[in-house]
Each structure stands twice: as structure tokens, then as C-alpha cells.
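These are the residues of each chain, in order.
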Amino acid sequence: NAGVTQTPKFQVLKTGQSMTLQCAQDMNHNSMYWYRQDPGMGLRLIYYSASEGTTDKGEVPNGYNVSRLNKREFSLRLESAAPSQTSVYFCASSPLGPDNQPQHFGDGTRLSIL
Amino acid sequence: RKEVEQDPGPFNVPEGATVAFNCTYSNSASQSFFWYRQDCRKEPKLLMSVYSSGNEDGRFTAQLNRASQYISLLIRDSKLSDSATYLCVVRPFSGGYNKLIFGAGTRLAVHP
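One line per chain: the protein sequences are U and L, in this order.
So for the first sequence, the numbering used here puts the first residue at 1; every next one is plus one.
So for the second sequence, the numbering used here puts the first residue at 1; every next one is plus one.
With the rest of the complex left out, here is chain U:
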């Protein structure tokens, strides 16, 4: 009963390094999302994938890329990490369907850029 699984849970990077955050869901959901959460701010959408094969920018996409590898997996890549990208990153998924479908979240990746 895993739900949404994110790896790694913690990571420290140096400025300019690259890395990929992994996310997988086992609920057969069509849509997947990447958010970042910073102190005093709501979750902000980075990128989303409404369905397999599609990806679109959210509110704060600069400095990130994504890949919807298959229906289960949606990865987030930082090509050249910057201190401003220090944050907690959450992946989420939801089914298509009625408008009141909630999103289900992974337990987050805490990323620090030095």
C-alpha cells in the first residue's frame, strides 16, 4: 500500500551540481505533479503531467525539467542547482475524473543547495 514514493528523502548538493528526484505511484493515477514548499508559502506547482506522455509548466518551472517516464513514474531534474532551489519537494498524483478528486502526496524530498 505504498501510494506515492519519492527518492531520495534528503539530499545536499553544491551549487552547479545536477540531480534527479524520483517519484512513483502505484494507484494507477493519470496525473502527476511536482511542488516545492518554502517557509511561509503555500505549495507551488513546478511542473505537472496530466496524463502519460504529456508534461506542462506550472507556476515556478525555471531551473527544472521533468520526464513522465511511464504512467507510474514522474521525475524532476535540476540541471545546475542554485541555492534558491533549497526547498522541500513534494510529488503528488491524482486520478482524472470529477473535479473534487484530491491529490495524494509523497512524503517529500528535503533538498539543500550549498
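Derived from the structure by calculation, the hints contain no laboratory data.
Possibly wrong hints are sitting among the right ones.
Below 27 Å or equal to it, Euclidean Cα-Cα: the simulated DSS-like pairs (lysine-lysine) are [stated by the list, open to error]:
1) L:K45 with L:K79
2) L:K42 with U:K14
3) L:K42 with L:K99
4) L:K2 with L:K99
5) U:K71 with L:K42
6) L:K79 with L:K42
7) U:K57 with L:K42
8) U:K9 with U:K71
9) L:K79 with U:K57
10) U:K9 with L:K99
11) L:K99 with U:K71
12) U:K57 with L:K45
13) U:K14 with U:K57
14) L:K2 with L:K42
15) L:K2 with L:K45
16) U:K57 with U:K9
17) L:K42 with U:K9
18) U:K9 with L:K45
19) U:K57 with U:K71
20) U:K71 with L:K45
21) L:K2 with L:K79
22) L:K2 with U:K57
Once you have looked at the hints, place chain L on chain U.
Then chain L, alone, in the frame of chain U:
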């Protein structure tokens, strides 16, 4: 103006108290509304959806006022375990992908 605004708190209340949070949203065409709960350093989890007629789930009651564009959450008989941050979440439009707008959260601390 933020799309979803909440009082950040913290609300410090004794066990057994009744506490209410409000949230305002800017898009009058918003379609769906939720309250999520987030424990410290954990992921957000759905607490309840908010329906137009208002709805209740145990000690929790959610209300929606479309005319004034606000949502409320009432917690009765507060428990220590209710201590968390409560996120007001709005879906601004129907159809397409499930875009959600999150408030920054209201922190609740319940003490003995």
C-alpha cells in the same frame, strides 16, 4: 493579492476548545475546495472536501460561502493530536488537469 489567503496563526488552544479557521480565495469561478492537514515535516494529507451545503466529519465541520469567497473549518473538542498546519486548497476551474492552489497554512497548537 494571493489567490488563497489564510491567517498563518499560530492558534494556541487548550484541549477541548473549539477553534475556527477561515480562508479567502480570489477567483470567483473556483470549483472545488478542500482542507488538507500537514504535520511538521510531513506531506499534506486530505482532511476533507468542502461542499456547497457545508459538511461535517466527526469533530470537523467545513463551510463554503461563495458570495463572500471564503471557506471555514471548525474543529470541536480539540485534541492534542489535532496540532498541525491546516492548508486551505482551491481548484480554480473545472475540466482539464487537476490544478490546485494551496494557501500557506494555518498552524494549530493544542496544549494540555
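Hints versus structure:
1. Pair hint K45 of chain L plus K79 of chain L holds up; C-alpha atoms about 18 Å apart against a cutoff of 27 Å.
2. The straight-line distance between the Cα atoms of K42 of chain L and K14 of chain U is roughly 25 Å, inside the 27 Å bound, and the hint therefore holds.
3. Between the alpha carbons of K42 of chain L and K99 of chain L the distance comes to roughly 21 Å, so the proposed pair stays at or under 27 Å and holds.
4. Restraint check for K2 of chain L and K99 of chain L: satisfied, since their Cα atoms lie roughly 16 Å apart, inside the 27 Å limit.
5. As the CA atoms of K71 of chain U and K42 of chain L are separated by approximately 25 Å, the hinted pair is consistent with the 27 Å bound.
6. Taking the CA atoms of K79 of chain L and K42 of chain L, the gap is near 19 Å; set against the 27 Å cutoff, the hint holds.
7. For the given pair, K57 of chain U sits about 25 Å from K42 of chain L by alpha-carbon distance, which is consistent with the 27 Å threshold.
8. Between K9 of chain U and K71 of chain U the alpha-carbon distance is near 22 Å, which keeps this suggested pair within the 27 Å criterion.
9. Using a Cα cut-off of 27 Å, the hinted pair K79 of chain L and K57 of chain U is violated, with the two alpha carbons roughly 40 Å apart.
10. For the given pair, K9 of chain U sits about 25 Å from K99 of chain L by alpha-carbon distance, which is consistent with the 27 Å threshold.
11. The suggested pairing of K99 of chain L with K71 of chain U holds, with an alpha-carbon distance near 18 Å, which does not exceed 27 Å.
12. Among the hinted pairs, K57 of chain U with K45 of chain L is consistent with the structure: their alpha-carbon atoms are about 24 Å apart, no more than 27 Å.
13. For a cut-off of 27 Å, the pair hint linking K14 of chain U to K57 of chain U stands: about 25 Å separates their Cα positions.
14. Taken as a hint, the K2 of chain L and K42 of chain L pair is honoured in the structure, with Cα atoms around 24 Å apart against an allowance of 27 Å.
15. With a C-alpha separation of about 22 Å, the suggested pair K2 of chain L and K45 of chain L falls inside the 27 Å cut-off, and the hint holds.
16. For a cut-off of 27 Å, the pair hint linking K57 of chain U to K9 of chain U stands: about 24 Å separates their Cα positions.
17. Between K42 of chain L and K9 of chain U the alpha-carbon distance is near 11 Å, which keeps this suggested pair within the 27 Å criterion.
18. Restraint check for K9 of chain U and K45 of chain L: the C-alpha separation of about 18 Å stays at or below 27 Å, so the hint holds.
19. At most 27 Å may separate the alpha-carbon atoms for a hinted pair to count; K57 of chain U and K71 of chain U meet this at roughly 18 Å.
20. Distance restraint check for K71 of chain U and K45 of chain L: the Cα-Cα separation of roughly 22 Å lies within the 27 Å cut-off, and the hinted pair is therefore satisfied.
21. Simply put, K2 of chain L and K79 of chain L have alpha-carbon atoms about 31 Å apart, too far for the 27 Å limit, and the pair is violated.
22. The hinted pair formed by K2 of chain L and K57 of chain U meets the criterion: a straight-line CA distance of about 20 Å does not exceed 27 Å.
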